[in-house]
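J.: So the sequences go chain by chain: X and U.
Numbering of the first sequence is given in our numbering, commencing with residue 1 and proceeding in unit increments.
Numbering of the second sequence is given in our numbering, commencing with residue 1001 and proceeding in unit increments.
These are computed hints drawn from the structure, not numbers from a lab.
Do not rely on the hints blindly, as some may be mistaken.
Here's a subset of chain U near chain X, in silico, CB distances under 10 angstroms, partners left out [stated by the list, open to error]: (1) Ala1031; (2) Gln1037; (3) Leu1045; (4) Val1048; (5) Ser1050; (6) Lys1053; (7) Ser1055; (8) Pro1066; (9) Cys1068; (10) Ala1087; (11) Leu1088; (12) Ala1092; (13) Gly1103.
Given the structure is predicted, the values throughout are model-derived calculations rather than measurements.
All C-beta atoms, glycine included, are put in the ideal place defined by N, C-alpha and C.
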Amino acid sequence: AQSVTQLGSHVSVSEGALVLLRCNYSSSVPPYLFWYVQYPNQGLQLLLKYTTGATLVKGINGFEAEFKKSETSFHLTKPSAHMSDAAEYFCAVMGDIGSSNTGKLIFGQGTTLQVKP
Amino acid sequence: DTEVTQTPKHLVMGMTNKKSLKCEQHMGHRAMYWYKQKAKKPPELMFVYSYEKLSINESVPSRFSPECPNSSLLNLHLHALQPEDSALYLCASSQDPGTANYGYTFGSGTRLTVV
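Throw the hints in and build the complete structure from the sequences for me.
T.: Structural data, given as structure tokens:
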């Protein structure tokens, strides 16, 4: 069955430091992968997505992620954290077409990013 | 218009009340979704509408009743809810339910409190 694992439910960084949020997935076919951000009392906002093509994907707010098939990973990075980056981050994979998860987004458990001044 | 609009933003209801949540999008998306999200947890899928027809019901209790009057509008009717149903209810849409590789666009949610 497809799944998404986010390593670290809570990550704390200093302002200006590198942000690294880890995501590993399982999928039987080339996956469609997504990172969403959720600010308090808000909905989910798409940060970036990988569908096909270039494995390094750039998103909004200076975030990027690299799809590594051999490692089944899709880690999210940002070179320099800003206070406004503090939020909940969800990695997700689209359910395989033809499976019981067709058309469903499968989410990881989320990672809370804290940015310290 | 690239948004999914949800109303109301906050709702407090008693266990005997009947209320409805509303979701609207004008992006021409043909799939719409209802999710329930508890604090510090990922969203849980409740219902999927594909081309205005209910295609997925994730074994949701009948006190939640979805409705899709047209391709732009999605409602969630609530009746006889329990306190444990208190949560953030999120609506989302996607361009094509068959090849949803574009991802979903989420609304900002309705914060529901059942008293």
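J.: If a hint holds in the structure, say so; if it does not, say that too.
T.: Outcome of the hint check:
Taking 10 angstroms as the C-beta cut-off, the interface hint given for Ala1031(U) holds, the closest approach to chain X being about 7 angstroms. Hint on Gln1037(U) holds. Least Cβ distance to chain X is approximately 9 angstroms, under the 10 angstroms limit. Checking Leu1045(U) against chain X: minimum C-beta separation of about 6 angstroms stays under 10 angstroms; hint holds. Annotation: interface hint on Val1048(U) holds; nearest CB of chain X at approximately 6 angstroms, less than 10 angstroms.
The criterion of a C-beta within 10 angstroms of any C-beta in chain X is met by Ser1050(U), whose closest approach is roughly 7 angstroms, and the hint holds. For Lys1053(U), the interface hint is violated, since its Cβ never comes within 10 angstroms of a Cβ in chain X; the closest pair sits about 13 angstroms apart. Taking 10 angstroms as the C-beta cut-off, the interface hint given for Ser1055(U) holds, the closest approach to chain X being about 7 angstroms. Contact between Pro1066(U) and chain X, as hinted, is not supported at the beta carbon level, the nearest pair being about 16 angstroms apart and thus beyond 10 angstroms.
Contact between Cys1068(U) and chain X, as hinted, is not supported at the beta carbon level, the nearest pair being about 15 angstroms apart and thus beyond 10 angstroms. Given hint, Ala1087(U) at the interface with chain X, is violated; its Cβ is 12 angstroms from that chain's nearest Cβ, farther than 10 angstroms. The closest approach between the C-beta of Leu1088(U) and any C-beta of chain X is roughly 8 angstroms, which is under the 10 angstroms cut-off, so the hint is satisfied. About 8 angstroms separates the beta-carbon of Ala1092(U) from the nearest beta-carbon of chain X, less than 10 angstroms, and the hint is met.
Satisfaction of the interface hint for Gly1103(U) is found here, the shortest Cβ-Cβ separation to chain X being roughly 5 angstroms, below the 10 angstroms cut-off.
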